[in-house]
Amino acid sequence: MSEEQFKGVFVEEALEHLTLIENALMELEETPDNMELVDRAFRSMHTLKGSGAMFGFDELSHFTHDIETAYDLIRSGKMKITPELIDLTFCAKDEILCMLRVDYGKIPEDQKKKDEITKEFRALIERYKDGGNGSGAAAKEALKRPEEKVIPDEKVIKDVGAPRYTYRIRYRPCPSCFLRGTNPLLNIEELAGFGRSSIVAHTDAIKFLDEYDPDACYTYWDIIVTTEKEIEAIKDVFAFEDESSEVKIEVIDVSGELSEGDQYKRLGEILLEKGDLTQYDLDSVLGLHKKLGELLVEKGVVNADTIEAALAEQVHVREEKKSRLAPSEEIATIRVPADRLDTLVNLIGELVTVQAHLTQMAVRRIDYELLNVAEEVERLTCELRDNTLNIRMLPIGTTFDKFKRLVRDLSKELKKDINLVTEGAQTELDKTVIEKLNDPLVHIIRNSIDHGVETPEQRVKAGKPPKGTITLSAIHSGSHVLIRIKDDGKGLDTEAIKHKAIERGLISAAAELSDNELFSFIFAPGFSTAKEVTSVSGRGVGMDVVRRGIESLRGSIGIDSVKGAGTTITVKLHLTLAIIDGLLVKVGLGSYVVPLTSVLECIAINKDDVDKSHGRALSIVRGQIIPYISLREHFFINGSSPVNQQIIICEVSGRRVGVLVDQVIGEHQTVIKNLGGIYKNIETLSGATILGDGSVALILDVNRLVTLVEGIERSAAENLNMAMGNATCE
Amino acid sequence: MLESSFNKEQNRGVLSLKGDIMIEDAASLKELLLLHLGDADDLLIHISDVTEVHLSWFQLICSAHRYSTKMKKKLSLAGEIPENIRTMAVKAGFQRHKGCAFDSCESCIWTWSQV
Numbered sequence: 001m002s003e004e005q006f007k008g009v010f011v012e013e014a015l016e017h018l019t020l021i022e023n024a025l026m027e028l029e030e031t032p033d034n035m036e037l038v039d040r041a042f043r044s045m046h047t048l049k050g051s052g053a054m055f056g057f058d059e060l061s062h063f064t065h066d067i068e069t070a071y072d073l074i075r076s077g078k079m080k081i082t083p084e085l086i087d088l089t090f091c092a093k094d095e096i097l098c099m100l101r102v103d104y105g106k107i108p109e110d111q112k113k114k115d116e117i118t119k120e121f122r123a124l125i126e127r128y129k130d131g132g133n134g135s136g137a138a139a140k141e142a143l144k145r146p147e148e149k150v151i152p153d154e155k156v157i158k159d160v161g162a163p164r165y166t167y168r169i170r171y172r173p174c175p176s177c178f179l180r181g182t183n184p185l186l187n188i189e190e191l192a193g194f195g196r197s198s199i200v201a202h203t204d205a206i207k208f209l210d211e212y213d214p215d216a217c218y219t220y221w222d223i224i225v226t227t228e229k230e231i232e233a234i235k236d237v238f239a240f241e242d243e244s245s246e247v248k249i250e251v252i253d254v255s256g257e258l259s260e261g262d263q264y265k266r267l268g269e270i271l272l273e274k275g276d277l278t279q280y281d282l283d284s285v286l287g288l289h290k291k292l293g294e295l296l297v298e299k300g301v302v303n304a305d306t307i308e309a310a311l312a313e314q315v316h317v318r319e320e321k322k323s324r325l326a327p328s329e330e331i332a333t334i335r336v337p338a339d340r341l342d343t344l345v346n347l348i349g350e351l352v353t354v355q356a357h358l359t360q361m362a363v364r365r366i367d368y369e370l371l372n373v374a375e376e377v378e379r380l381t382c383e384l385r386d387n388t389l390n391i392r393m394l395p396i397g398t399t400f401d402k403f404k405r406l407v408r409d410l411s412k413e414l415k416k417d418i419n420l421v422t423e424g425a426q427t428e429l430d431k432t433v434i435e436k437l438n439d440p441l442v443h444i445i446r447n448s449i450d451h452g453v454e455t456p457e458q459r460v461k462a463g464k465p466p467k468g469t470i471t472l473s474a475i476h477s478g479s480h481v482l483i484r485i486k487d488d489g490k491g492l493d494t495e496a497i498k499h500k501a502i503e504r505g506l507i508s509a510a511a512e513l514s515d516n517e518l519f520s521f522i523f524a525p526g527f528s529t530a531k532e533v534t535s536v537s538g539r540g541v542g543m544d545v546v547r548r549g550i551e552s553l554r555g556s557i558g559i560d561s562v563k564g565a566g567t568t569i570t571v572k573l574h575l576t577l578a579i580i581d582g583l584l585v586k587v588g589l590g591s592y593v594v595p596l597t598s599v600l601e602c603i604a605i606n607k608d609d610v611d612k613s614h615g616r617a618l619s620i621v622r623g624q625i626i627p628y629i630s631l632r633e634h635f636f637i638n639g640s641s642p643v644n645q646q647i648i649i650c651e652v653s654g655r656r657v658g659v660l661v662d663q664v665i666g667e668h669q670t671v672i673k674n675l676g677g678i679y680k681n682i683e684t685l686s687g688a689t690i691l692g693d694g695s696v697a698l699i700l701d702v703n704r705l706v707t708l709v710e711g712i713e714r715s716a717a718e719n720l721n722m723a724m725g726n727a728t729c730e
Numbered sequence: 731m732l733e734s735s736f737n738k739e740q741n742r743g744v745l746s747l748k749g750d751i752m753i754e755d756a757a758s759l760k761e762l763l764l765l766h767l768g769d770a771d772d773l774l775i776h777i778s779d780v781t782e783v784h785l786s787w788f789q790l791i792c793s794a795h796r797y798s799t800k801m802k803k804k805l806s807l808a809g810e811i812p813e814n815i816r817t818m819a820v821k822a823g824f825q826r827h828k829g830c831a832f833d834s835c836e837s838c839i840w841t842w843s844q845v
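Protein chains in written order, with the numbering used here: chain A, 1 to 730; chain B, 731 to 845.
Treat the hints loosely; a few may be bogus.
Stated by the list, open to error - No more than 30 Å apart at the CA atoms, straight line, and that leaves these computed lysine-lysine pairs for DSSO-like:
#: 1; chain 1: A; residue 1: Lys207; chain 2: B; residue 2: Lys804
#: 2; chain 1: B; residue 1: Lys760; chain 2: B; residue 2: Lys804
#: 3; chain 1: A; residue 1: Lys80; chain 2: A; residue 2: Lys114
#: 4; chain 1: B; residue 1: Lys803; chain 2: A; residue 2: Lys248
#: 5; chain 1: A; residue 1: Lys129; chain 2: B; residue 2: Lys821
#: 6; chain 1: A; residue 1: Lys7; chain 2: A; residue 2: Lys114
#: 7; chain 1: A; residue 1: Lys299; chain 2: B; residue 2: Lys800
#: 8; chain 1: A; residue 1: Lys274; chain 2: B; residue 2: Lys760
#: 9; chain 1: A; residue 1: Lys563; chain 2: A; residue 2: Lys467
#: 10; chain 1: B; residue 1: Lys803; chain 2: A; residue 2: Lys207
#: 11; chain 1: A; residue 1: Lys572; chain 2: A; residue 2: Lys431
#: 12; chain 1: A; residue 1: Lys207; chain 2: B; residue 2: Lys760
#: 13; chain 1: A; residue 1: Lys119; chain 2: A; residue 2: Lys299
#: 14; chain 1: B; residue 1: Lys804; chain 2: A; residue 2: Lys80
#: 15; chain 1: A; residue 1: Lys78; chain 2: B; residue 2: Lys760
#: 16; chain 1: A; residue 1: Lys404; chain 2: A; residue 2: Lys563
#: 17; chain 1: B; residue 1: Lys800; chain 2: A; residue 2: Lys78
#: 18; chain 1: B; residue 1: Lys803; chain 2: A; residue 2: Lys299
#: 19; chain 1: B; residue 1: Lys804; chain 2: B; residue 2: Lys821
#: 20; chain 1: A; residue 1: Lys299; chain 2: B; residue 2: Lys802
#: 21; chain 1: A; residue 1: Lys299; chain 2: B; residue 2: Lys748
#: 22; chain 1: A; residue 1: Lys673; chain 2: B; residue 2: Lys821
#: 23; chain 1: A; residue 1: Lys265; chain 2: B; residue 2: Lys760
#: 24; chain 1: A; residue 1: Lys207; chain 2: B; residue 2: Lys738
#: 25; chain 1: B; residue 1: Lys803; chain 2: A; residue 2: Lys412
#: 26; chain 1: A; residue 1: Lys265; chain 2: A; residue 2: Lys235
#: 27; chain 1: A; residue 1: Lys229; chain 2: B; residue 2: Lys738
#: 28; chain 1: A; residue 1: Lys248; chain 2: A; residue 2: Lys229
#: 29; chain 1: A; residue 1: Lys486; chain 2: A; residue 2: Lys563
#: 30; chain 1: B; residue 1: Lys800; chain 2: A; residue 2: Lys80
As the list claims (entries may be wrong) - Computed footprint of chain A on chain B, listed as stretches where at least three residues anywhere in the stretch have a Cβ under 8 Å from a Cβ of chain A:
#: 31; region: 743-752
#: 32; region: 762-768
#: 33; region: 809-823
Source of the hints: derived by calculation from the structure; they are not laboratory data.
Every value quoted in this text rests on a predicted model; they were computed, and no experiment measured them.
Cβ atoms here follow ideal geometry from the backbone N, Cα and C, with glycine treated the same way.
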């Protein structure tokens, strides 16, 4: 691997860590006391710092060091999470992203910004490194979380190969142990020395001071320890324990068991297993809706120490399982350059074509043995194709997550309070589709925030909650995925849209249009009803580009809106761009594929009907005039057309337009191939495919075909008008 | 050997402990705590000069704290807690997120935020 390739790997991993940091910061804004999130952010920064230094990103490594130090202060309780710190960390994260791009020469460096951020972090570190204002701060710092203090570094188990046992030990020393000179703490320390441990002292038996026997040991312990040592070693710790002491040792987790994963028993299950709770008590308390632990303590069923011990066990074993999961996750996934996947898909496509050829041959020769083989090859090829296409599928959640930051920042800028809810994040789409979807979705969400969702004051006046909601959802629907962006804002104003459309000459004043027809004007180039252009939106450029972007993915976009209630935009996309469902048609000797997503219906037309229209490519279908484009004329195909032809009626930008062909063969699913550099300027074709007989079929881009033909006809009409105008003058 | 001194200002008492507090000192410390809790509504226990404690000290302080809550009085640790005692509290599993059922006013000595 070359140095550049190594750097590329680091950049990819760094981007993932930056996403983790961003997500952790978003959650910390809601729950600033959540130390697990702080740990998560810290670990990512630590990795960025170390890996950055290793791969030559020295600036990045130095920059991240101060942020890491600041978050270490938070972990140690010397500093707290504040909104200002979160904002500063967001800026730092953006700066790290810039640094990754700078190193690749993509954008110029902004040293001043970096220095400002570094200065602010260093000021925080200087202020809080000794615990803040000093009064009681050192004492506050003292009692750290038990799981941090109890694990000496040298005891951390590094060998993931040997089995690790997690034991639950209930240790109730003899009440008179102090009188005998026994110190239970020595046993506990010995156990803690075996490995990672969590210790909870039960104090429920301690009497009030006036009844207290100073020589008695009232305390008993629950100890969870993870170690490679076998159970005999645990038992040996208590070998000299008095008979009246109670020691119960159980194995509660073993590495390598089938039940791998980071889940462990729930609180109720742990308490039941330990005998601290009965099923009856559990059931009766679960009938209420507070947290189980709180309820059990409130009802006096168990004491707080018992809950503490059960929670400590739960956390301990979950972390143990999680730590075992991480190494095997690395083994279970492997990074593959995207272009290698593309090559694989191409080869599969070739294989599909050859397989189709084989099947045709077997059928023609009526060779049953060969047919059997061809069927088997077809089955395996389909499975191979489906598996290969699945490799390119990624959950759309990675895209959704990015929008949380967008909504947060934009809401702040526009002084709105908006919550982004995502659903269906696990819905998978082709990698290329996800990448190309990003920009259109960004624009739709920006529009929602800028023009849709009102300010808190406006919302309260309208009887809505002050906080607006934008819901981003994805769901599979057959071979498509539906992505919906729904807001609870003010909705589209159909009157304003109609007014604008009339103003722009798109419709007459007397035109009666349905809401859906009016909404479609949003996608017209330059169309905007915004009273002012903001830095966010309003120029009328975006939705046109959005629609074209979606259509370039062979998708479609629709709008639904209720004034005062909100707007829903639905984007319908293919799961993958590599395969197309189309209608195979013939014109002369050539074959073409019309994408099925565009096709509404096919109607027959004969020569007489064509002649009756006197050169105007118009057909009447159920009382509606449908213009059509003759592929034979458009592509200058020689020869005469058959007596009976077919018009394939397609939906193009909300209108019905026909495509005239000689013959419709039928539905055809095929792997798309690019036409190559020579043909890249042919807008009306989106690719090609190889049919079973080895011939090539061209895939039509119906939208662009219609746009091109309309443009040609408009130019011709304008030229004619000019010529007639000149003739009149003469 | 337990050494102690007591100061009182109005209703607040400060019991300062010094030196080692072993199992043999538990009985006398119990009596001291009972005495001073009877005398003051708010008792601060200073342990910054304590050098070593036996495990029983933790449960004695727990007992005293519960008693003070029952008597509607206040008892807390004050001053800097010596490092070795802090470490011992954690090792012995006394540290808590929340106080026990007797801790009606969230004054449990063993929660992180208390000291």
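### Message
For each hint given before, does the structure comply? Return the numbers of the non-compliant ones in rising order.
### Response
4, 8, 13, 15, 17, 21, 22, 23, 25, 27, 30 and 31
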